[in-house]
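Between the sequences and the hints, there should be enough to build the whole structure, so can you do that?
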Amino acid sequence: MGRVYNFSAGPAVLPEEVLQAAANDMLDYKGCGMSVMEMSHRSKMFEEIITEAEQDLRDLMGIPDNYRVLFLQGGGSMQFAQVPLNLMKTGVADYIVSGSWSKKAWKEAKKFGDARCIASSEDKTFSYIPDVDALEIDDDADYVYICENETIYGTKYHKLPDTKGKPLVADVSSCFLSEPVNVEDYGVIYGGVQKNVGPAGVAIVIIREDLIPEEELPNVPTMLQYKTQADAKSLYNTPPCWGIYICGLVFKWLKANGGLEGAKQRNVEKAQLLYDYLDQSKLFKATAAKEDRSLMNIPFVTGDKDLDAKFVAEAKAAGLENIKGHRSVGGMRASIYNAMPKAGVEALVEFMKKFEAENA
2 MGRVYNFSAG PAVLPEEVLQ AAANDMLDYK GCGMSVMEMS HRSKMFEEII
52 TEAEQDLRDL MGIPDNYRVL FLQGGGSMQF AQVPLNLMKT GVADYIVSGS
102 WSKKAWKEAK KFGDARCIAS SEDKTFSYIP DVDALEIDDD ADYVYICENE
152 TIYGTKYHKL PDTKGKPLVA DVSSCFLSEP VNVEDYGVIY GGVQKNVGPA
202 GVAIVIIRED LIPEEELPNV PTMLQYKTQA DAKSLYNTPP CWGIYICGLV
252 FKWLKANGGL EGAKQRNVEK AQLLYDYLDQ SKLFKATAAK EDRSLMNIPF
302 VTGDKDLDAK FVAEAKAAGL ENIKGHRSVG GMRASIYNAM PKAGVEALVE
352 FMKKFEAENA
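My numbering numbers the first residue of the sequence shown as 2 and each following residue consecutively.
Don't take each hint at face value.
In silico DSBU-like pairs for lysine-lysine, Cα to Cα no more than 35 Å straight-line [claimed, not checked]:
hint, residue 1, residue 2
1, 306, 354
2, 355, 317
3, 105, 160
4, 343, 256
5, 343, 355
6, 325, 286
7, 228, 104
8, 311, 325
9, 165, 112
10, 160, 283
11, 125, 104
If you're looking for bench data, these hints aren't it; they were derived computationally from the structure.
Here's what the structure looks like:
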């Protein structure tokens, strides 16, 4: 069987060039006689891998010198706790709840202090991004938190909130490296990499140095302290070496293909193809508010659960994998991350046209 078009929201499609490079290195990385999965994380060879990966990420995003880059374990969900454990100094933080992931982060933060929900779009099933222009931010808040791209509902902040000088913490798991960003707009940017950057098991945290506690926090587990990880340059314990290596290959692939400007151009073209069809279709309907649509995750429905199920089954048979929507919302969802080729979206649209004609 040949490779399918994989529309999974994560773990997700990776560039074929990256997979081929990893396959070529699998048994013998650069003549060392072993795989990256076998080498010591304290070795000079792995030090070169993680150092080069960090520098390539800095180059791609234009990360300033006063921000640290951490390669951590636990995925994005570990950060739901790690952020408040390290940043809640007054015990107050403000959360904007725009979907399932920001809601989970908010609920987790409430275990550690006064985490306030200052805006929400749950009233319309998270189909839009809340108004971020007139937020009532607590004077004592240590940070304001958002999930910048809500994977399940297919919404994206196209304008960052006015945090009134408070550090902005953003979960960017499903829009990581999909377009240029101004890192200085954030106090912390983090994401699990399994959607757009690499294999599951790695989280990347980009944090402004002044937000890293200067002293060890007495009631925070050693492994969950940003200071521990920053002081050890992400090598306090054995990190997810293979995952970091793959991330490094993806960074190089992006640099060789126009950087983040190139990525955005390709992503806009792919998303426009699908949205244009959805907007004129008489059978399918996009569910996210037009002004808040994501380039990465595109949910849609027919309005009939049985017809949705039929579409998912027939799409799979046609080589269009993982098109089923999240279990909490149903319908369909096409995740079209950086590595999804334009041909994959074209194939999906052609299949949708055929399905619509047959099921009108």
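Right, here's what the structure says about each hint:
Note on residue 306 and residue 354: the hinted pairing holds, with a Cα-Cα distance of about 19 Å set against a maximum of 35 Å. Between residue 355 and residue 317 the CA atoms are separated by roughly 14 Å; this keeps the pair inside 35 Å, and the hint holds. Between residue 105 and residue 160 the CA atoms are separated by roughly 22 Å; this keeps the pair inside 35 Å, and the hint holds. Between residue 343 and residue 256 the CA atoms are separated by roughly 19 Å; this keeps the pair inside 35 Å, and the hint holds.
For the given pair, residue 343 sits about 19 Å from residue 355 by alpha-carbon distance, which is consistent with the 35 Å threshold. Between residue 325 and residue 286, the direct Cα distance comes to roughly 15 Å. Compliance with the 35 Å bound is thereby established for this hinted pair. For a cut-off of 35 Å, the pair hint linking residue 228 to residue 104 stands: about 26 Å separates their Cα positions. Pair hint residue 311 plus residue 325 holds up; C-alpha atoms about 11 Å apart against a cutoff of 35 Å.
At most 35 Å may separate the alpha-carbon atoms for a hinted pair to count; residue 165 and residue 112 meet this at roughly 25 Å. A distance of roughly 31 Å separates the Cα atoms of residue 160 and residue 283; the hinted pair therefore holds under the 35 Å criterion. Between residue 125 and residue 104 the CA atoms are separated by roughly 14 Å; this keeps the pair inside 35 Å, and the hint holds.
Violation of the numbered hints given earlier is absent; every hint is satisfied by the structure.
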